[in-house]
Amino acid sequence: MRDLNEKALEAKEKKAPIGPDIDLDAYESEAVAHEYVEDLRVLSEADKKRMILAGVDTEEKDRSGTFIQKDTVVVHAHSKQEGLEVIPIKDALKKHDWVQDYYWKLVAVDADKYTARAQLDLHNGYVIRALAGSEVIYPVQACMYLEKEGLSQNVHNIIVAEEGSELHIITGCATAAHLRRGLHVGISEFYVKKDAKLSFTMIHHWAEEMMVRARSVGVVEEGGLFLNNYICMRPVKSVQMYPTTHLVGKGAVARFYSLLVGSPVSEMDVGGRIFLKEPDTRAEIISRAITNGGNIIARGDLIGEVPGIKAHLECRGLILKGGAIHAIPELQGKVDGVEMSHEAAVGKIAQEEILYLMSRGLGEDEATATIVRGFLSVDIPGLPPQLKAEIDRAVEQSDKDMM
Amino acid sequence: MLQIEDLQVKLGDKEILKHIDLEIHPGETHILFGPNGSGKTSLLMTIMGYPQYRVTGGKISFKGEDLTHMPVDERAKLGIGMSYQRPPTIHGVKTKQMVQICGKGGVNAEALAAKVNFSEFLERDINAGFSGGEIKRSELLQLMAQDADLLLFDEPESGVDLENISLIGNTISELLQRDFKVNSQKTQKERHKERTRMGFIITHTGFILDYVTVDKGQVLYDGVLTCTTHPREIFKCISEVGYEECVRCAI
Ligand SMILES: Nc1ncnc2c1ncn2[C@@H]1O[C@H](COP(=O)(O)OP(=O)(O)O)[C@@H](O)[C@H]1O
Ligand SMILES: [Mg+2]
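Listed in order, the protein sequences are those of chains A and B. The first sequence begins at 131 in this note's numbering and counts up by one. The second sequence begins at 13 in this note's numbering and counts up by one.
It cannot be assumed that every hint is accurate.
As a list, the in silico EDC-like pairs of lysine to aspartate or glutamate whose alpha-carbon atoms are at most 16 Å apart [stated by the list, open to error]:
#1 A:Lys324 x A:Asp240
#2 B:Lys116 x A:Glu469
#3 B:Lys89 x A:Asp240
#4 B:Lys228 x B:Asp18
#5 B:Lys89 x A:Glu494
#6 B:Lys106 x A:Glu469
#7 A:Lys407 x A:Glu496
#8 A:Lys145 x A:Glu215
Negatives, chain A to chain B, calculated, CB over 10 Å [what the hints assert, rightly or not]:
#9 Leu139
#10 Ala307
#11 Leu492
Calculated directly from the structure, the hints in this document are not laboratory data. This structure is a prediction, so every number in the text was calculated from the model and none was measured. For glycine and all other residues, C-beta sits at the position ideal for the given N, C-alpha and C.
Take the sequences, apply the hints, and build the full model.
Next up, the structure:
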């Protein structure tokens, strides 16, 4: 711990290599008091409504466990299923030695001022673990909720899918309806063990002056599968994240999908990077970005280090009503015998497509909406139906707002 | 009735349709011949209302309404439907969804698709990677759902393999109420009389005539309608002397 603190202190002022710099001192960080609730039904209707927009259902229908952090404190954490652990990270660090094997083992504590902040002023976060061989049938839901104006919420999450397990997580980040300004600093470390399957779906539902800095790294062992979905279709001032995954076992697979909608005030810099380090590993990064006036940078980086790997990157952007999209797809093949490809396209909706739909009887706006919805509807194989439904709902909601 | 009077159209700076006059009455089907680049597709697109085809003179009306400056969707709602030669791919929009859009939700997409042997394409993105013949079947499927009164077909037989040509031909025939089923309630004469749908079929080769009866044939040559006569006569003329002869009639 002292080591970590020392390193973090050294990185306290260290700017991140990409994304606009944030003055951390401009945000409060003192603990905010919220009571722990045993029964989710006692949460206020207003909170519930916001949470559901980010895919977190306080009725817990079709969910195997729930974690909710409000501002700086955890207000609820429990697992409904055997073989599944859902623990606030601060408790986990105190009570379970094994957590030390995962804490700051993938993300460098001194990567930048945000990682440093998450070490020096950690509020909380979660540890979610599926025990070896267990199959968590329904998704676990986790919510990071911001209510206090001007707060910097600093969290650290650890997700472990032990050998042969199957785990699905939906994380919703949301703000109270009144909240305008805040900062979310989130560290996530993912461990997908041998033959395990992890899907992680994150839905962001922020506010117009929210800043978000997420730092996440994952590792996938032999035969493991990591599905990482990111959906952000609501206004946000600035999001910057570049999650990285290392495929370190034969046959490991990672697939990243992101759906982004940039509203006029938004600056989004979102990417994915996957290192393919063993034979037969596979990686895919697919992103769809739409801007209504915001700036979006969609990055993707695939690094093939050994022969016999396969990787594909697909980056599509649609400029609807002004704004800009900068697609930066990168492929790095480091040896013979890698199979890597990418496609990137940025443009506006083709008039020809709108007219085609209009000639079938749709009005211009309906035609446009149909094309936009189609653009955002990517098939994500392996995603449980409940999560697919949440993504569809987010898409639906967003094009209602867009039109 | 579709009525086109002295229609002049420009695409960019180029004059592509010159003083076109045309009338299609309820129940009639016309066929339009013409060499590549003569303006056939442009004429259909203009009737459908594609804005890049700028009407610089003349008038188009349908069912008594002036279409000349009406947006595409209003023309569709008025009862004009089109089978495209090269429709665009729309990613994420499934064929089934297109059929439902055409049928305003009131059709059984599966049953219609089965009729044109297209069932396994319903879940595919519309036109994505479709072969020439698949595009035609997809277009017909959409028209079947749409229930239009004036049906425009842009080269429905081009690129279709032998296996599917009769399927396509017979489907068009049925869509235009020109099939000869035995119907216990009605004689063929009565069925003919009750025929209301109008058809306008573009063909480069004329092969469609083996499947669909038509009332009138026309030739479009370099943006000019050069002749209007019996369709079989045009077909025979073109087969024997080629489109090169049309230039002499166009002057
Ligand atoms: N997008 C376009 N831009 C410029 N010229 C075009 C375009 N599309 C068609 N044309 C021209 O317009 C004329 C008519 O084309 P078209 O209507 O497609 O003919 P057809 O269907 O009879 O083959 C041709 O000379 C063709 O080259
Ligand atoms: Mg043509």
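Which constraints among the numbered hints does this structure fail? Numbers only, ascending.
Going through the list in order, the structure violates hints 1, 2, 3, 4, 6, 7, 8 and 11 and respects the others.
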